[in-house]
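Undergrad: Going down the list, the sequences are from chains A and B.
Numbering of the first sequence is given in our numbering, commencing with residue 3 and proceeding in unit increments.
Numbering of the second sequence is given in our numbering, commencing with residue 1291 and proceeding in unit increments.
A couple of the hints might just be wrong.
[To be verified] Using 25 Å as the maximum straight-line C-alpha spacing, the simulated DMTMM-like pairs for lysine to aspartate or glutamate come out as follows:
id	chain 1	residue 1	chain 2	residue 2
1	B	Lys1481	A	Glu137
2	B	Lys1477	A	Glu196
3	B	Lys1301	A	Asp162
4	A	Lys48	B	Glu1427
5	B	Lys1481	A	Glu197
6	B	Lys1354	A	Glu196
7	B	Lys1477	A	Glu156
8	B	Lys1353	A	Glu196
9	B	Lys1482	A	Glu156
10	B	Lys1301	A	Glu137
11	A	Lys243	B	Glu1427
12	B	Lys1478	A	Glu156
13	B	Lys1301	A	Glu197
14	B	Lys1477	A	Glu137
15	B	Lys1478	A	Glu137
16	B	Lys1482	A	Glu137
17	B	Lys1301	A	Asp225
[As the list claims (entries may be wrong)] Here are the computed distance ranges between Cβ atoms for each label pair:
id	chain 1	residue 1	chain 2	residue 2	range
18	B	Lys1482	A	Leu180	12 to 22 Å
19	A	Phe84	B	Ala1454	35 to 45 Å
20	B	Ala1483	A	Gln83	49 to 59 Å
21	B	Leu1391	A	Lys66	31 to 41 Å
22	B	Tyr1376	A	His134	14 to 24 Å
23	A	Arg132	B	Val1455	34 to 44 Å
24	B	Lys1481	A	Val234	35 to 45 Å
25	A	Gly168	B	Lys1478	18 to 28 Å
26	B	Ala1454	A	Leu180	51 to 61 Å
27	B	Arg1426	A	Asn215	21 to 31 Å
Hints were generated in silico from the structure; no laboratory data involved.
The C-beta atom is built at its ideal place from N, Cα and C for all residues, glycine as well.
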Amino acid sequence: MSWELLSASKKSKGVTLDPRTKLIVLITICFLVLGGEGGGLALVTKPMLTAIPILLLFCFGKKKAALVCVIIYVTCYLGEQFVVPVTTGATNFVLLFLCGFISRVLPGLAMGYYTVRTTTVSELVAAMQRIHLTEKLIIPLSVMFRFFPTVGEEYHAIGDAMRMRGIRFGGKKTVKMLEYRFVPMMICSIKIGEELSAAALTRGLGAPVRRTNICKIGFKALDIVLITFCAVLFILTILRKIGLLGVLA
Amino acid sequence: MNTKTARIGAKDLVTVGIYSAIYLVITCALAFLSLIPIMYPLMTIICPIVGGIPFMLFLTKTKKFGMITIMGILMGLVMLLTGMGYWSLITGVIAGLLADLVWKAGRYSSAKMSIVTNGVFSLWYIGNYMAVFVTREAYFQHAVESYGQAWADTIQTYLPNWMAVVLLIVCFISGLVGGLIGKSLLKKHFKKAGIA
């Protein structure tokens, strides 16, 4: 399993979206699929919102991943609609939990995966500068995204090392787990972090002048279509919330 | 270090990013436990305690006003992107700002104040529960659909409205405990290694 999050180099394949569009779609999915209500309108919008990241993944060249997503989603969706109502008791609970949970989390995960795999750190920074986010947020955010995989990697490596020494759940030193796992992990991460910050400073991150960026970002036709689609969905949801659009609800 | 210590420099911002990443990885690993209903409110105990360790280390590097606020905003943004709702963004800013004030009152070095700071900062966790209290009906309708009636019913009984205050206090207290644990670990390991 690759721990790479935001890739350092650009692998240009198929359609390219503006990082801002990806974030807007991601937020829309998080709000309307993961956190949204069901019934009525959502019966149409949720599958549509799920289709977007899967199509994007397909266009990006991740055909296998896209196909797996489709199969899982369709299974869960059909299961939720047809199998769940006829089961009872414990089976019902487990099925509902599994299907409901997976079909809600999957679109967000797929979109998140697509976003981080197709956006470089530079592009993200460029996009955030374009929306005039303050530098005080841009730098920590980009560092954080760059740093997640590192922490995860260290966490697993140290977990392996500690398991060899019997520090695990059910082992003799379960109580010591907190200390023996977090302390080395943090010391590692901090060392890496210091090197990272030195590297960034050498490249002029702290310089008082405005940094230039080589990445070309901008909205194209597809971006505009997607953003409009998200905006329409949000407006419809709000209208539904305040009681209008009773027909659709 | 830069002698002009009043303003936040690039190095400080990188520090905030690094510690936020560690803090989030640790809390997210634990957050998966909340699928078990009883663990859901208990997260307010576990997360501040475990998160206290990296946070205390973060405080040793924090010498400027505003760094904790930025961390709070980052927490809120990540929660927003992972679908926990927008309340965390609000509580993140408030708790971060308060923690900044407390830490400033401790002159960025007081051991006692650092523990209180962790307690105050831990209050941002309440943002993950606000949706339950403020938009109760919508939340549970959604919960029934996503996790099933049983899960939603159990959560419903665990979280009556007065629990909001209890959770807030619990967050603070476990933040203090986390701060104490973090402080002792700091003394034991990081001072020796020359990091803290």
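Undergrad: Measure nothing beyond the straight line between the CA atoms of B/Lys1481 and A/Glu137; if it is 25 Å or shorter, mark the hint as holding.
TA: Roughly 32 Å separates the two Cα atoms, so the pair is violated.
Undergrad: Hinted pair, alpha-carbon criterion (25 Å max): B/Lys1482, A/Glu137. Please report holds or violated.
TA: Status violated; Cα separation ~34 Å.
Undergrad: Has the given pair, A/Lys243 with B/Glu1427, been kept, meaning a C-alpha gap of at most 25 Å?
TA: Holds, at about 13 Å.
Undergrad: Between B/Lys1353 and A/Glu196, does the CA-CA distance stay at or below 25 Å?
TA: The hint holds at about 17 Å.
Undergrad: Quickly compare the C-alpha distance for A/Lys48 and B/Glu1427 to 25 Å and report which way the hint goes.
TA: With Cα atoms ~21 Å apart, A/Lys48 and B/Glu1427 stay inside 25 Å; holds.
Undergrad: Would you mind confirming whether the straight-line C-alpha gap from B/Lys1301 to A/Asp162 stays at or under 25 Å?
TA: 32 Å, violated
Undergrad: Holds or violated: are the alpha carbons of B/Lys1477 and A/Glu137 at most 25 Å from each other?
TA: 34 Å, violated
Undergrad: Is the hinted range of 12 to 22 Å satisfied by the C-beta distance from B/Lys1482 to A/Leu180?
TA: Holds, since B/Lys1482 and A/Leu180 (Cβ atoms, about 18 Å apart) stay within the stated range.
Undergrad: Holds or violated: are the alpha carbons of B/Lys1301 and A/Asp225 at most 25 Å from each other?
TA: 35 Å, violated
Undergrad: Please test the hint of 51 to 61 Å on the beta carbon pair from B/Ala1454 and A/Leu180.
TA: Given a distance of about 29 Å, which is not inside 51 to 61 Å, the answer is violated.
Undergrad: Range hint 14 to 24 Å: satisfied by the CB atoms of B/Tyr1376 and A/His134?
TA: Once the Cβ atoms are compared, 20 Å apart, the range 14 to 24 Å for A/His134 and B/Tyr1376 holds.
Undergrad: Could you check the hint for me, namely that A/Arg132 and B/Val1455 are 34 to 44 Å apart, CB to CB?
TA: With a Cβ separation near 43 Å, A/Arg132 and B/Val1455 satisfy 34 to 44 Å, so the hint holds.
Consistency with the previously given hints fails for numbers 1, 3, 14, 15, 16, 17, 21, 24, 26 and 27, ordered from lowest to highest.
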